[in-house]
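Numbered by the working numbering, the letters in the sequence shown go through residues 9 to 105 in order.
There's no promise every hint is true.
To be verified - Simulated restraints, written as ranges between beta carbons of each label pair:
(1) Arg55 with Pro97: 18 to 26 angstroms
(2) His30 with Val59: 33 to 41 angstroms
(3) Asp82 with Ser32: 34 to 42 angstroms
(4) Gly45 with Ala84: 30 to 38 angstroms
No lab work stands behind these hints: they were computed from the structure. Predicted, not measured: the structure shown is a model, and the values here were computed from it. A virtual CB, placed ideally from N, CA and C, is assigned to each residue, including glycine.
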Amino acid sequence: MNYAFHPEALQEYLDGVSWYAHISPRVAEAFILDAEGAIERILTHPRAWPVLEDDVRRCLLKRFPFAIYYCIEDAAITLYAVMHTSRRPGYWRSRTE
Numbered sequence: 009m010n011y012a013f014h015p016e017a018l019q020e021y022l023d024g025v026s027w028y029a030h031i032s033p034r035v036a037e038a039f040i041l042d043a044e045g046a047i048e049r050i051l052t053h054p055r056a057w058p059v060l061e062d063d064v065r066r067c068l069l070k071r072f073p074f075a076i077y078y079c080i081e082d083a084a085i086t087l088y089a090v091m092h093t094s095r096r097p098g099y100w101r102s103r104t105e
């Protein structure tokens, strides 16, 4: 199955990489691997996570306080947010419209 980032979700992901790179390149690499692992789990088992609302599902990263919000749309998955878990919930909802 294919996937695509919503432009703002891609920016959130890149911001996370940048933030962790300021701490340490190793930490940034660990964040990238954790996010890639979550995306791979989503692609392999897209329905493994429950629907939260409006067909949006959430997959938590294993090592970092981030969640990926996504929808299964026909033959592709759209990643709508790569959200730090301390952010205001639902700020990304308008992206799904």
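Results of checking the hints against the structure:
Our hint of 18 to 26 angstroms for Arg55 and Pro97 holds, since their Cβ atoms are close to 22 angstroms apart. At about 36 angstroms, the CB distance of His30 to Val59 agrees with the hint of 33 to 41 angstroms. Against the hinted window of 34 to 42 angstroms, the Cβ-Cβ separation of Asp82 and Ser32 comes to about 40 angstroms, which satisfies the hint. Between Gly45 and Ala84 the CB atoms are about 20 angstroms apart, so this pair departs from the stated range of 30 to 38 angstroms.
Hint 4 from the earlier list is the only one contradicted by this structure; the remaining hints agree with it.
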